[in-house]
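In the numbering used here, the protein residues as written are 1 to 414.
Treat the hints with care, since some could be wrong.
Said to hold, decoys possible - Cut-off 16 Å, straight-line C-alpha distance, at most; resulting in silico cross-link-like pairs (EDC-like, lysine to aspartate or glutamate): (1) Lys187 / Glu100; (2) Lys217 / Glu177; (3) Lys217 / Glu248; (4) Lys365 / Glu355.
Claimed, not checked - Ranges between beta-carbon positions, derived for each pair: (5) Pro184 / Gly307: 16 to 26 Å; (6) Phe46 / Thr274: 46 to 56 Å; (7) Asn57 / Lys183: 31 to 41 Å; (8) Asp4 / Asp363: 42 to 52 Å; (9) Gly182 / Phe321: 22 to 32 Å; (10) Asn32 / Asn54: 33 to 43 Å; (11) Ser35 / Lys102: 35 to 45 Å.
Keep in mind the hints are simulated off the structure, nothing from the lab. Note that beta-carbon positions come from the ideal geometry of N, C-alpha and C, so glycine has one too.
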Amino acid sequence: MAVDYSSFLSDVSKSRVPNPIRGLLHLETFPNVISLLAGKPNPATFPITSISFNARNPLKDGKEESFNLTQEEVAVALQYNMIAGVPELVAWLADFQAHEHKRAKDSAVWRLSVGAGGQDMIYKAFLTLINHGDSVLVEAPVYAGVIPLLQTLQAKPVEVETDPDGVDPNSLREILESWPVGKPMPKVMYTVPYGNNPSGSTTTEARRREILALAHKYNFLIIEDCPYYFLYFDSKPRPPSYFSLDTEGRVLRIDSFSKVLAAGLRICFATGPTPLLVAIDLHTSSANLQAASTSQVIVYKLLSSWGIEGLHAHIRTVADFYLGKRDVFQAAMERHLTGLARWSLPRAGMFFWFELVLPPGGDSKELIQTKAFEAGVLALPGVVFYANASFSLLDEAEVIRNEWPDGHVPAATS
């Protein structure tokens with residue numbers, strides 16, 4: 001069925017109006033146009049006159065090469081730009097997404113916007129779709145960074161059970177089938193399907209297909225947050241993304257270069273249904289105007305030199321690096337924690353999730369934050385990754401787990 005995106009947009013999103021100035025910036029590129037648009041500082045006053053950097057070439061065995069921005073590129077890097085991103089970078093990333101996820105390019109169906117890091121884009125996606133009081137489907141455990149966002153929006157997280165194979169469709173189905181009559185159904189499910197933070201799980205293809213079928217049946221959208229998509233190192237093929245499997249336009253995908261290029265660049269990109277990206281851009285125009293031009297130009301300079309083949313080669317190198325670290329950590333856990341904890345081997349990402357086997361009344365938080373720290377180890381107790389630990393939602397008791405099995409209290413580390 002066709003998706004009516006207007007029914008998913010939040011009240012705040014519906015109230016947004018286009019920025020009258022930013023909406024005209026693209027016309028400055030037309031020939032023989034004298035722009036009198038307000039707000040652009042004169043570049044003659046900028047003290048920076050050149051930008052250059054060195055980077056390892058993944059197609060030449062990591063040989064270091066120099067990159068020097070042209071004067072035109074420097075001018076773009078130092079000035080305001082389009083809300084959705086520097087056009088050349090947006091076009092490159094759209095080509096990459098079409099190739100990576102086997103989606104035909106069609107701007108009427110899907111498009112892409114660059115954001116100032118994944119957290120920025122997650123928050124804007126939530127603002128676009130969630131009203132105060134809305135129920136939001138989340139994984140249990142869930143990425144801790146979304147919990148305060150949901151608190152700010154006064155949303156009600158509904159925890160869906162997970163295991164080493166990702167989100168459990170049976171848990172999701174049970175929640176939706178038993179949803180109270182007369183209560184608004186969830187419009188959104190948020191998930192980190194590759195190398196989940198914090199559980200380390202990767203959702204299988206079969207489960208993704210089941211979840212998409214449930215999204216169709218119960219009419220909800222999926223925010224597919226993928227900061228660890230590129231850090232997949234299992235011998236089995238990477239499961240196809242929700243975005244690649246989606247045939248209805250129910251998936252808003254968020255990718256990040258923080259883990260594979262540089263976290264400080266703060267560059268991510270959201271890909272999904274055009275009406276949703278238009279709405280997200282309206283939020284950007286009222287918030288931070290755009291992701292930093294300098295970071296965007298540097299990333300484009302690098303990617304346009306490497307090409308898709310070069311980016312894939314670099315990604316493989318980074319994934320292999322983290323695979324080595326995972327194996328060393330796994331060996332250490334086997335030596336020291338066998339019989340004291342249980343865990344599953346992550347197939348992607350940067351995280352191990354393990355359950356400590358404690359005596360009755362044992363406190364993992366005390367053990368981790370006091371005794372482990374005194375021994376020189378800093379980790380997080382699992383309680384911080386459960387949304388119901390930060391919300392009082394007694395009316396959601398039928399769909400939210402309130403406790404763990406006796407004696408098995410989860411903890412997470414990376």
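Hint check:
1. Lys187 / Glu100: Violated, at roughly 27 Å.
2. Lys217 / Glu177: The given pair, whose Cα atoms are some 11 Å apart, holds under the 16 Å limit.
3. Lys217 / Glu248: Distance ~12 Å between Lys217 and Glu248 Cα, so the pair holds.
4. Lys365 / Glu355: holds (12 Å)
5. Pro184 / Gly307: 16 to 26 Å: Given a distance of about 47 Å, which is not inside 16 to 26 Å, the answer is violated.
6. Phe46 / Thr274: 46 to 56 Å: violated (35 Å)
7. Asn57 / Lys183: 31 to 41 Å: 56 Å Cβ-Cβ, so the 31 to 41 Å window is violated.
8. Asp4 / Asp363: 42 to 52 Å: holds (49 Å)
9. Gly182 / Phe321: 22 to 32 Å: violated (52 Å)
10. Asn32 / Asn54: 33 to 43 Å: The hinted range 33 to 43 Å holds for Asn32 and Asn54, with Cβ atoms some 39 Å apart.
11. Ser35 / Lys102: 35 to 45 Å: holds (40 Å)
Violated hints for the displayed structure, listed by number in ascending order: 1, 5, 6, 7 and 9.
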